[in-house]
Each structure stands twice: as C-alpha cells, then as structure tokens.
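Produce the complete structure using the sequences and hints provided.
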Amino acid sequence: MATLILNGEFEKLAGCTTILITSVTYRGFIQEIVNQVPGLEADRLMEMALAIDGEIIHEPLLVTIPENSELHFVLKISGG
Amino acid sequence: MSEAKQFKYIGQRTIRPDGFDKVTGRANYGADLALPGMIWGKILRSPHAHAVITKLDTSKAEAHPDVLAIARFEDFPTVNAAAFAEGRQDSGLVDLASNILANKKVLYHGHALVALAARTEAAAAQALQLIDVEYEVLPPVMSIDAAISDDAAVLHEDMFTQGLAETPSIASNIASRMELKKGDVDAGFAQADVIVEREFSTPTVHQGYIEPHATTVRFDENGTSTIWCPTQGHFDVRASTARLLGMELGQLKVTASEIGGGFGGKTTVYLEPVAMILSRKAGRPVKMVMTREEVFRASGPASASQSRIKIGAKNDGTLVAMQASLYYEAGAFKGSPMGPGCMTVFTPYDVENMWVEGFDVVVNKAKVAAYRAPGAPQAEFAAEMVMNELAEQLAIDPIDFRLQNAAKEGTQTLYGPKLKAVGLVECLQAAKTSQQYQTALAEGEGRGVAAGFWFNIGGQSSVIINMNPDGTGTILEGSPDIGGSRASMQMMAAEELGIPLDRLSPIVTDTEHVAYNQTTGGSRTTFATGMAVVEACQDIVAQLKARAAAMWNVTSEQVEWQEGSAINLAGEDKMTLAEVCAVAEKTGGQISGRGNINARGAGPSFAVHLCDVQVDRDTGKTDVVRYTAIQDAGKAIHPGYVEGQYQGGAAQGIGWALNEEYVYDENGVMENAGFLDYRIPLASDLPSIDTIIVEVPNSFHPYGVRGVGETGIVPPLAAVGSAVSNAIGLPITDLPCSPPRVLKLLQEADQ
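In order, the protein sequences belong to chains X and B.
If you're matching positions, the first sequence starts at 1 in the working numbering and goes up one per residue.
If you're matching positions, the second sequence starts at 1001 in the working numbering and goes up one per residue.
By construction, these hints were calculated from the structure, which means they are not laboratory data.
These figures come from a predicted structure and were not determined experimentally.
C-beta atoms are modelled at their ideal positions from N, C-alpha and C, and glycine is treated no differently.
It cannot be assumed that every hint is accurate.
What the hints assert, rightly or not - Reference excerpt, derived from the structure (chain X facing chain B, CB under 10 Å, subset only):
no.	residue
1	GLU32
2	ILE33
3	ASP53
4	ILE56
5	PHE73
6	GLY80
Next comes the structure, spelled out in structure tokens:
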C-alpha cells in the first residue's frame, strides 16, 4: 500500500491527513480518493501534479504507484 | 546519470554558436521581419484604469482610406459569453481574450480596446484618433488594501473567492485563497524563546527586457498561416492563437525569432492573435511592435505583494515555528503566482511546524505575467528578512543560523514531498568561506545574507538530430534560446556522439519541423531539452553501431561506440562517425535520431547571496560595494552561461530591491513608463558580481543538471534589504530601498 498525505483544501475536505492507497495505477488511485472523499472531484485532482517519494511528476497518467511510497498532490508549477 | 568522469566538452567554456550573429547585428529579432505587401497594426488603449465601455464606434476609422482592417473582442470566434454562461467556456480563455482586447470593461490604464491595420505605421497611428469611445469611469482599485476593503469597487461581478470553506455569494476582488500546513504552529510558537513578526511589501516591477513585444503575421486562407515573434514558447503561441481564433494547429506555423530578453514576460500572447485577425481581414501580412511605453503599461509585470511573517526560535537557534500570510496582486484578471509563493516561502528550512495562507487579489493594473521564479522573490524576501532579524536577536551568525536549520535530503517540505539530494548546505558553507564573507566591512557598510529556492520543472521537449553524409549534424530543437541553451545542447550532443563541437549545428526550429516543446521557462531547458538531445544521440549511436555492424558483417552487439568511432569487438576494425555516415546510403539510408520526452525528475536549486552596501545618509542612495551569488547547478554544462544566469538574476533582484517600482497617480496611470524613470541597474551601478557554482548532481539527469535560470533572483531582495538595514541601523520592510524612501526612514529616525 502507498500513503497519500493531504494538505490544505484537500485535507479539510477529507477530514484527515493521510489516506492509504491500494491501487497501483494512477487512474485507480484517483478513483480510490474520489470514492473516499465526498466533494473531491477527479477533474480537480487531475489538474495537480503528483509527487511520488519526492519526485514531482506533472503528467502522472501512466505512472505505477510503488508499494510503500509516499504520495502528495502538488500545484503544477510553470515558472518564468 | 553518467558517473563522475572526465568530460571532453561538458564543463568547458566553449564559444557560443549564436555569438557571431548577435555581436555583428546579423541575428534577426522580433521586429526585424518585413514581408511583401505588409501593413501595420496599432492598438487603441484605455486612458482609464477602470471603466465601462459605453460606446465604441470605429466607423470613421474604417472609412480612412489607408485602413484595411479593424479587430475587436467580438472577432475572437471561440470566446462566447453565452457559452461561458452555460458552463461551456474556459474562464481562462475568456480572461486571455479579454486582456488582449477588452470586453465591455477596461480594467487598467493601457488596456487594449481595439486594433486596426493600415498601409503605413503613421496612417495607423492617425486612424486610431478617429475611433470614438465613451466610458463610464469607475474608481480605480490600485492596491491590495484597497481591493480587499469592504467598500472596494469590484472589478468582476462574477468573481467569488475560491478556496474558502463556503463559496461566498457576494462578488469580491479576492479570486482565491489557499492554505498549507505542517505540524502545529501554535504548539511550536509556545516553545519559542524569541518570536519576530513583521509585515513587508514589494512593488509592481517589470522584467525589464530590452526588446519590446513584436510580431509579423500572415494569414493564409488556403494553407498555413505564419507568425514570427520573439517568444519563450512558440508552440504555446501557436496553441493560444489557434484556440482563440478557432484554427487547427496544423494551419498555423510559428517561428521564434531571436529574443531580446523574456524572463517570463514573453510566455504569453498580446499581439499575435490580434495581428492574425487583422491579417485575415485585410488579406495582407501585418506587423505590430509595442512601444516601450506600451510594454510597461500593457504587458505583464510581476505581482506586488504584502506579507506578514512570523518566525519563532529557541535561544540555541533552533527554529520552532514559521507562519505566513501572503497577498499577491494578480492585476486585472485572476492568476497571480500566489501558489508558488506559498510553497517556496519557508522551503529553505527544516522546521516541524509551518502554516501559510495566500490570497490572489485582482486590481486595476496590467495582468501580471511570470518573472523568474514567479512568486518566490516576494515571499522569500519577507521570510529571509525575518530570519536575519532573528539571527541578530539571538546573536548568531546569519549563515550559521541557516546551517543549523537548513533543508537537506529528506526534509519534508511544507507543500508535501521530501527533498531529494539538494545543495543548500553546500551553498551556505561556500558562502561562509567566501572571500566576501571573510572581508571585514568598512565603516558605514552593511552586510546582508539571504537564501533562495526554486523548484525547476521538466516537461515536454522534442529534438531531431539529422546526420549529414560528411558526418556533420544538425540539432533541431524547439526551445527558444533565452540564456545560452543552444550551446549546452551542442555540448551534450558532442559529448554523447564523441565528435567535435563544430561538427554540430544547434538550431531552434519552428513549430512545423519538430514536435511540441513546452515553453522555455521554469529553468527547464538544459534539463529537459538536454535529456531529449541525449536520447536523440543515443538513438543515433544505436543506428551508427548497426550500420558499422552491417559493413563488417557482424552483429550490433559486437560493436562498441567509443569517442566518436565504432569499434569492432570481433576484429580490429574501426570506423569514425563520418565514415559511417558516408556509407549511410549503402546501409539503409540517412541517419536521424529522435528524442521526444516528457522529462521527470527536475532537481530544485538553492542559492545563497551575500551583499555589502554603503548608504549615503545625506541622499539615501545605496551603493552595492560587494556581491557574491552562490548557487547549486547540479552540473554546469557551460560554466560561463551558468555564471551569467547567476549574475543576471542578481542584477535583476538588486534592481527590484533598490530602485524598481511602478509609480501610479491617483487615477491609476503609471507615471514612470520608460527606462529613464523606471530605474533598472546599469553596468555602472553594480560591482562585479562574484559567483560560486556548487554542484550537487541531480540523479535524474544524465549529466546531473539542475535548472539555474530562476533561483538567482530570489535571494537578492533580502540580501540587499538586510544590508541596507544593517548599514542604517533601521528595519527595512518595504521595497524598493530607493533614495527617497531610505532618506525618509533616516529623517524620521532622527526626529
């Protein structure tokens, strides 16, 4: 299982700081969160980058969620 | 990543491939293109900072004998208020279109209302005077305090603050709020022996690029329309223009000219879609060039900000809690860099308890654009000033104070992920042992230290390398070169292929000749496009080995590539790259390599800056007498270019700290819209900026590269601010530390 750590708006919506994730695919991961957190929409989540064990991935559609990994949603940064 | 080894080209100070054209004037910039039959476009701009357009009559201008086309907001076919009202339209696209040409309301002085194209530039300027406009003038909202006050005029009746527990029912000038939390700041502050809490402000500033926005556009009703413009991202110019005008991407070709500076300010579109509308209507190519005044008034400056920072520490120097409230001006439309500001403000520190909230606030100023690490300079200025004040109160050296609490590998950031290997500690150590830090200050001088952080990004890059029969090659890449990246691509390709640099020509090609490339920004190019170059070279090497194997009648596995030659492991044969290419016709055709990637694993870059100043107490003028910029580059492909990025960022940050600000009158009109009065640093203003390159490799890049273009603007604001504060013995909370402001502080202190 991987651990999703929530912050800010998502933490308030979920009412908790962590969610355990069983899915190994990104789509499955998103579905798990949407199922567990009412009011959190998939589209909103998929606008975010995903950090897996510290690596920030802007387009995570094809990632495999590793076992025991730590996951965070992060704003997509563009820069100047 | 390649193991540390002796590189032949990586790390050398090679001659830049674009240098000769630039110093001889042969390089073609945005305003240099002229086409047969070309006509000139001009824009009528709002004289008011906030007004409803009650009448817009272009009939007299249209009747001018030299006017061939008019463009208005209604000419954007895909931006439709009805669709938006029904939820079928992207508010971002509507805002973009409304910024390019006003829709019913003007929201800043200089806001574009309508454009026309005429046979000559003079005729276009003359015809603008024939356009009849009437306004209902509204009170301008020119500051954060004004925007969030209860009686503020509301810029957008449909703006309801996002990110609150309940979406309000009353429209506001606060577009959104965000919050990040780690640990328990209240518990943390309860442990503190010393707490410093202060408010800070930074002004609206401009990126200060020397080259104005310009474009030449030709609409082609039968085939491919073309755009020529200076831009950091010609693929995104194509995308934005196509979206706004309902064109297919394949109908539009964009060529990026050489660029005279961007720094984030040329990552969006202002003129290109307008010129395309005019060209389509007129049936002629259209050229548009902003004046310097238009650049200041109507392109995208960097956000002004207000911050409240509170940091607590124990007497032994351990930080226990950090808290921030950050307000950013977005300009006329939502979308300030408040998010990155919240994420970066405390990232240099490993502290258990943090809480940050941020607000995106609209005001009647030009819509902001990115400026080098957008959001970070404003936020980290405030945090670093408090850190220095804390260090002073604790009687701890400011570098030691930071070392004691520095973020390092494994530190959990406020925005979530743990850091991988990073170089902040190494930068602090380099600062401590630097010549500047070992140099005693003269009487009256003040010294400031500050750290800075920026994420850097990866993203999509596409490269094709075509090898010629004589063994030379062309690197076709799609990342506009704003800081020397062509040289870096050439060096990485030469290293991978094992051939001399001058055998490879790096070219930034147009949108037709290479696949999509993300905008040059976010310090991504040497990292991501470099990885694509490496991938394309590896593709070529695989083909070269296979071709040599075919000549020797062995398998590819029996061929090794070493220092630019194929070696037959089953015999004694050797073929140089040129020799393999010479027989490409016989072995299957010409050799090309491709690298199309969406790069992951961008490594963040930390920096530490040192600034020594002398303040003239009679005039308030500050002279920077010594400056050192220390930053982690991961691996400096071309050290000269890396140093240039450090120095450029430092110079811009010094200007931001010492002199630069938009000055507005009571009607919201910018009073200093020119380089005479908007005072950026000149070469004569600054000492030589010393640089120290720290290299803590980024394991995700073949050569260990981290982006370096942005972090360097982050530390100067606090390094300079603290130095001035130390020199005059008074707190600095508001930038810039311009002579009138410093003089006022000194005079008030004397009273």
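Query - Index of numbered hints that the structure contradicts, given in increasing order - result: 1, 2
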